[in-house]
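Number of protein chains: 2
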Amino acid sequence: MDSKSGSGTSDQGEPSKREVGMGKVGKRKGSARSETGREPAYTVGLDIGGTKILGALLDPEGEVVGTVRRSTVHGADGLVAGAVQAVRDVVASVGVDLADLAGVGLGIPGIVDHRCGTVKHAVNLGVHDDELPLAELLSAELGGVPVVVENDLNVAAVGAAHVLERAGGERDHEDLAFLALGTGLASGLVLDGQLRRGVSGAAGEIGHIPVDPLGPECTCGQRGCLERFASGKALEAAWPSRHGKPSPVELFEAARAGDQEAIVVKDRFADATASAVRLLVLTTDVRHVVLGGGVAQLGTELLDAVQDALRKQAKASPFLGSLKLAERVRLAPTHVPVAAVGAAVLGRRS
Amino acid sequence: MDSKSGSGTSDQGEPSKREVGMGKVGKRKGSARSETGREPAYTVGLDIGGTKILGALLDPEGEVVGTVRRSTVHGADGLVAGAVQAVRDVVASVGVDLADLAGVGLGIPGIVDHRCGTVKHAVNLGVHDDELPLAELLSAELGGVPVVVENDLNVAAVGAAHVLERAGGERDHEDLAFLALGTGLASGLVLDGQLRRGVSGAAGEIGHIPVDPLGPECTCGQRGCLERFASGKALEAAWPSRHGKPSPVELFEAARAGDQEAIVVKDRFADATASAVRLLVLTTDVRHVVLGGGVAQLGTELLDAVQDALRKQAKASPFLGSLKLAERVRLAPTHVPVAAVGAAVLGRRS
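Just so you know, the protein sequences line up as chains X and Y, in that order. Letter by letter, the first sequence follows residues 1 to 350 of UniProt numbering. Letter by letter, the second sequence follows residues 1 to 350 of UniProt numbering.
Do not rely on the hints blindly, as some may be mistaken.
[To be verified] Across the chosen pairs, the derived CB separations fall in these ranges: (1) Y:Pro-318 to X:Gly-95: 27 to 35 Å; (2) Y:Gly-321 to X:Arg-349: 28 to 36 Å; (3) Y:Pro-318 to X:Pro-216: 15 to 23 Å.
No lab work stands behind these hints, which were simulated from the structure alone. This structure is a prediction, so every number in the text was calculated from the model and none was measured. Ideal Cβ positions, reconstructed from N, Cα and C, are used throughout, including at glycine.
All chains, full assembly: derive it from the sequences and hints.
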């Protein structure tokens with residue numbers, strides 16, 4: 001099963017969205033802050049992926065004041081040690097003390113129980129069947145700072161909402177879907193300002209909605225799943241990498257150069273991605289759909305293609321047209337590690 | 001365009017889900033209650049449909065203590081007069097005074113602006129292009145009691161959540177999709193205890209998500225929309241009424257009698273409805289999907305068919321199996337007018 005795989009922000013390719021429950025682990029001993037009840041101060045967020053850990057330090061106003069990047073060491077011990085070091089490095093880089101942290105948030109693929117702060121089945125991180133009490137282990141190493149653990153797509157959605165809101169100065173509620181075009185296809189949802197996890201952590205799992213009864217079989221056991229048309233894996237199958245660059249880059253280059261086959265494949269991919277946007281809006285009516293994941297590194301070329309496809313879809317349908325789908329789509333911010341920022345935001349709320 | 005038509009609970013067939021904004025109209029003069037800030041007392045909810053108005057009176061504990069049913073009189077004047085009389089009748093029937101009402105909620109098809117309390121394009125009610133300030137007009141006729149107006153599918157979802165929660169004594173948040181198998185197909189969403197309207201009132205508009213590229217054209221201008229397979233209209237097209245009973249009743253009777261063609265049509269319909277359930281869960285991961293609308297009057301026979309179809313879909317997919325879709329589905333309560341109850345609940349929150 002490849003659900004939620006590919007994920008939003010990192011390059012691991014594992015089931016990553018199922019999580020179970022609400023809470024945090026860790027209680028700082030001797031901290032006056034937790035008793036005073038005033039706004040959380042600095043928080044750190046980490047986005048733990050298959051190859052790298054990205055970290056962000058938020059100041060008390062929610063501004064990103066430091067970032068960090070480390071290679072991931074697989075397995076429980078390596079993960080914990082790497083995460084601890086990432087936290088220490090990012091606070092040290094801006095002269096903040098560990099004791100000034102109000103909380104730490106982690107975004108991680110795999111089956112996350114956010115109530116208990118545990119993760120399992122993060123296969124690309126070397127975490128298998130046993131539940132890893134990541135929040136507890138990390139908190140212990142960091143002097144008791146509260147640690148929350150969350151699914152990687154959920155932190156990406158929260159991070160995108162945070163960054164967009166600050167950039168746009170919007171006074172409305174944060175409201176968006178983070179559509180992760182990674183190896184697979186899945187999304188994270190922030191609705192009316194609240195992270196929507198769903199009762200079994202499966203909210204946003206749109207990659208496995210069948211959209212073509214005659215479509216190819218999916219690894220999930222169904223046929224014609226949306227992920228088979230709109231994902232990095234789907235692109236790689238339709239346009240295998242030939243020149244050492246990522247498949248999406250080669251495809252878009254070939255299309256730009258006028259290769260007719262590439263144009264067809266590109267248009268089909270853009271149409272499928274547009275269908276994912278349409279599906280998200282017709283179900284949740286989110287204000288924005290933010291394109292993220294590896295494929296979104298194509299940048300404005302991808303955005304243009306998806307918006308064109310949305311306008312084409314709306315042409316025959318005044319109803320679709322009235323929803324202004326193309327105007328809702330945007331690219332995930334790239335000037336900050338958005339999932340790490342989201343993890344830090346959740347760390348603030350803990 | 002037939003979007004949101006058929007709706008959940010009444011028999012009108014009009015675009016009914018687009019609404020714009022949060023607010024209420026009406027301020028009781030001289031009421032001590034609004035100043036004290038204590039819990040709202042009695043509230044009335046009305047479900048205004050193309051042929052009938054259903055009303056419910058909730059006591060301060062949220063119990064349904066009275067109901068009423070009137071024929072709808074079309075056009076602005078008739079609607080307002082009918083609604084006023086329905087409110088007067090239901091409070092009188094249990095000896096409650098109009099002055100004891102903390103609020104009134106209306107559920108109505110058409111394009112509802114719940115911030116302003118207006119409705120337009122409720123064509124089956126004789127309300128056309130001009131915005132009808134329904135909340136204001138009704139409030140004025142009812143001595144200034146606050147009136148809220150809401151889309152009919154949204155009140156159905158809120159009502160179903162209220163009734164299920166009270167019946168089950170669940171301590172968790174209300175969390176469900178009300179899937180209206182009316183003339184058309186659409187849904188209302190209550191997520192984490194909150195009504196989800198969406199930024200343009202289009203949340204739950206799943207009937208117009210295409211699920212088959214080779215499917216029939218839809219009135220919305222797209223092709224292969226889910227509504228073309230899972231709705232009263234789709235059933236009527238596949239199995240026209242021959243003996244004066246509603247098409248779904250005749251179809252299920254014929255299938256029960258062993259008619260092979262009927263069995264095929266019934267199975268296909270159940271599978272399409274199961275697909276709607278799957279789509280709702282894979283996007284929003286709601287705890288329950290409640291089957292409502294005219295077709296749901298089939299009762300347990302429909303429930304069984306949809307649950308069987310869900311189990312069949314899950315057979316090939318451990319992933320789907322893990323989501324326990326069949327267990328999430330239930331029938332809308334029939335012992336109370338669920339949409340009217342939902343309207344009354346929103347009246348309480350006003």
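Verification of the supplied hints:
{"no.": "1", "hint": "Y:Pro-318 to X:Gly-95: 27 to 35 Å", "in the structure": "50 Å, violated"}
{"no.": "2", "hint": "Y:Gly-321 to X:Arg-349: 28 to 36 Å", "in the structure": "34 Å, holds"}
{"no.": "3", "hint": "Y:Pro-318 to X:Pro-216: 15 to 23 Å", "in the structure": "19 Å, holds"}
Violated hints amount to a single one, hint 1; each of the other numbered hints is respected by the structure.
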